[in-house]
Each structure stands twice: as C-alpha cells, then as structure tokens.
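Student: Sequences listed follow chains V and H, in order.
First residue of the first sequence: 301, per the numbering used here; consecutive thereafter.
First residue of the second sequence: 484, per the numbering used here; consecutive thereafter.
Don't read these hints as lab results, they were simulated from the structure.
Take the hints with a grain of salt, since some may be wrong.
Dumping the calculated DSSO-like pairs for lysine-lysine here, alpha-carbon to alpha-carbon at most 30 Å [as the list claims (entries may be wrong)]:
id : chain 1 : residue 1 : chain 2 : residue 2
1  : V       : K302      : V       : K356
2  : H       : K498      : V       : K342
3  : V       : K398      : H       : K554
4  : H       : K554      : V       : K302
5  : H       : K545      : H       : K494
6  : V       : K342      : H       : K561
7  : V       : K302      : V       : K398
8  : V       : K398      : V       : K342
9  : V       : K367      : H       : K554
10 : V       : K367      : H       : K561
11 : V       : K398      : V       : K367
12 : H       : K498      : H       : K561
13 : H       : K545      : H       : K498
14 : V       : K356      : V       : K342
15 : H       : K494      : H       : K561
16 : V       : K302      : V       : K342
17 : V       : K398      : H       : K545
18 : V       : K398      : V       : K356
19 : V       : K367      : V       : K302
20 : H       : K494      : H       : K554
21 : H       : K561      : H       : K545
22 : H       : K554      : V       : K342
23 : V       : K367      : V       : K356
24 : V       : K302      : H       : K561
25 : H       : K494      : V       : K398
26 : H       : K545      : V       : K342
Since the model is a prediction, treat every value here as computed from it, not as a measurement.
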Amino acid sequence: QKEVEQNSGPLSVPEGAIASLNCTYSDRGSQSFFWYRQYSGKSPELIMSIYSNGDKEDGRFTAQLNKASQYVSLLIRDSQPSDSATYLCAPEGLGNEKLTFGTGTRLTIIP
Amino acid sequence: EAEVAQSPRYKITEKSQAVAFWCDPISGHATLYWYRQILGQGPELLVQFQDESVVDDSQLPKDRFSAERLKGVDSTLKIQPAELGDSAMYLCASSLARGTGELFFGEGSRLTVL
Numbered sequence: 301q302k303e304v305e306q307n308s309g310p311l312s313v314p315e316g317a318i319a320s321l322n323c324t325y326s327d328r329g330s331q332s333f334f335w336y337r338q339y340s341g342k343s344p345e346l347i348m349s350i351y352s353n354g355d356k357e358d359g360r361f362t363a364q365l366n367k368a369s370q371y372v373s374l375l376i377r378d379s380q381p382s383d384s385a386t387y388l389c390a391p392e393g394l395g396n397e398k399l400t401f402g403t404g405t406r407l408t409i410i411p
Numbered sequence: 484e485a486e487v488a489q490s491p492r493y494k495i496t497e498k499s500q501a502v503a504f505w506c507d508p509i510s511g512h513a514t515l516y517w518y519r520q521i522l523g524q525g526p527e528l529l530v531q532f533q534d535e536s537v538v539d540d541s542q543l544p545k546d547r548f549s550a551e552r553l554k555g556v557d558s559t560l561k562i563q564p565a566e567l568g569d570s571a572m573y574l575c576a577s578s579l580a581r582g583t584g585e586l587f588f589g590e591g592s593r594l595t596v597l
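Kindly produce the complete structure, drawing on both the sequences and the hints.
Tutor: Listed below in structure tokens is the structure:
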C-alpha cells in the first residue's frame with residue numbers, strides 16, 4: 301500500500317462545476333494535511349491546509365478531513381480554466397514533520 | 484516578493500559525469516529541502532536541513548548523492564556519477580520552520596542524463 305494514494309486522473313470537469321479530489325493516507329499518526337497545486341512545468345504551491353476533522357473553506361476551495369477513515373479531500377467550486385493543474389496531497393508525518401506527497405491528480409476544466 | 488532561487492534551470496549531462504545544483508532559500512527560512520520529482524509522480528524528499536544540520540536524508544542515495552548547507556543559508560546538491568535514472572526535476576524548497584507544512588519551492592533544476 302502506498303503511503304499516500306490519489307487518483308492520477310485525468311479528471312475532467314466542466315467550467316462552473318464542482319471538482320472533487322480525493323486522497324487516502326496510511327500513517328494514522330498524521331495530524332496535518334496540505335494540498336499543493338502544480339501547474340504544468342511549474343513548481344508546487346500551497347493552496348490549503350487542514351488540521352482538524354471536518355471542513356475548512358477558503359474562497360472557492362474546501363478541504364475535508366476524516367482522520368478515522370484516513371481520508372482527505374479538496375473541493376473546488378465554480379471551477380475555472382485556471383484551476384487546470386495537478387493537485388498534490390501531502391500529509392505530514394507524526395514526529396518527523398516530513399511531508400509525503402501523493403502522485404497527484406491531474407485536473408482539467410473544460411470551458 | 485521573496486523567492487527561492489535555483490540554478491541551473493536545465494542541465495544535460497552524460498552518465499558517469501558529475502553534476503551540481505545550487506539553491507538559495509528565502510531569507511530567514513531556517514529549513515531547506517531538496518526534492519526529486521520524476522515526471523508523473525509527486526515530489527520525493529531527498530534531504531532536509533535545519534540551519535546547517537541534516538535532519539533527514541533517509542531517501543538520499545548516499546553512494547552518489549551529497550548535499551551540504553555549510554553556513555545555514557544556501558545549499559548545494561551534488562550527484563557523482565550521474566546515472567540515466569537520475570533524470571528528473573530537482574526542487575529546492577524552504578520554510579520558516581519545521582512542521583509548518585508551508586513550503587516555498589524554487590523553479591527547479593531539470594536534469595537530463597544521456
């Protein structure tokens with residue numbers, strides 16, 4: 301089992317719709333979770349962090365965390381073509397403060 | 484806006500040659516990371532520094548890779564000898580402190596080994 305699993309996609313979503321990106325992780329001790337966005341040919345950039353079970357909203361982005369199920373997701377509302385990118389899930393290991401990145405989900409927003 | 488500087492942006496080398504990458508983190512950032520990203524995969528941590536000390540190099544292939552951050556500021560990652568499988572993007576990132584999860588990445592150094 302991989303430490304961090306994401307559907308590699310590509311995930312195609314019509315403009316204006318909700319994009320749902322999912323991630324499962326194996327380290328039960330992880331307490332902090334991060335979503336990074338990576339445009340093609342560019343470096344990753346942090347877009348969301350979540351530490352507690354439940355939802356966290358920031359503009360059009362909502363992160364959801366369920367530690368019991370070892371599951372974290374990212375919702376993007378009113379998807380825009382500029383949201384087309386690869387989204388990387390990165391839990392932080394307990395005690396080692398090390399981010400482990402998933403392989404990422406490639407999202408394409410169709411105008 | 485402060486950025487993480489990396490050089491060179493692109494490097495083409497033949498196998499068995501030596502190659503070096505340089506990184507200058509955002510001023511004041513104590514933690515520096517070197518990641519390797521193979522096309523289609525997520526970044527993989529090679530080495531993490533806290534100031535000038537290595538805090539994690541468990542995934543660094545030490546027979547051929549070395550990294551240093553002598554004065555706790557800029558850092559160099561070296562590969563000698565390079566192998567075909569080393570072709571990847573080498574990303575440097577920095578953060579204000581360990582455990583924040585907020586990493587600022589440089590533009591990366593793309594290595595092609597022929």
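Student: Does K494 of chain H sit within 30 Å of K545 of chain H, going by the straight-line distance between their CA atoms?
Tutor: 21 Å, holds
Student: Can the restraint linking K545 of chain H and K498 of chain H be considered satisfied, given a maximum Cα separation of 30 Å?
Tutor: 17 Å, holds
Student: Within a Cα-Cα threshold of 30 Å, do K561 of chain H and K545 of chain H meet the stated pairing?
Tutor: Judged against 30 Å, a Cα distance of about 10 Å means the pair holds.
Student: Measure nothing beyond the straight line between the CA atoms of K367 of chain V and K356 of chain V; if it is 30 Å or shorter, mark the hint as holding.
Tutor: Holds, because 14 Å separates the two Cα atoms, which is no more than 30 Å.
Student: Would the pair K302 of chain V and K342 of chain V pass a check requiring their Cα atoms to be no farther apart than 30 Å?
Tutor: Judged against 30 Å, a Cα distance of about 25 Å means the pair holds.
Student: Just to be careful, I want the Cα atoms of K367 of chain V and K302 of chain V compared with a cutoff of 30 Å; is the pair within it?
Tutor: Holds, at roughly 17 Å.
Student: Taking only the CA atoms, is the gap from K302 of chain V to K356 of chain V under or equal to 30 Å?
Tutor: 26 Å, holds
Student: Holds or violated: are the alpha carbons of K498 of chain H and K342 of chain V at most 30 Å from each other?
Tutor: 26 Å, holds
Student: Against the 30 Å threshold, does the CA-CA distance of K398 of chain V and K356 of chain V hold or violate the hint?
Tutor: Holds, at about 22 Å.
Student: Would the hint linking K494 of chain H and K561 of chain H be met if the CA-CA limit is 30 Å?
Tutor: Measuring from Cα to Cα gives roughly 13 Å; hence the hint holds.
Student: Is the hinted pair K367 of chain V and K561 of chain H satisfied, with a Cα-Cα distance of at most 30 Å?
Tutor: 39 Å, violated
Student: Holds or violated: K545 of chain H with K342 of chain V, Cα cutoff 30 Å?
Tutor: Holds - the C-alpha atoms of K342 of chain V and K545 of chain H are around 28 Å apart, at most 30 Å.
Hint check: violations occur at hints 4, 9, 10; the rest are consistent with the structure.
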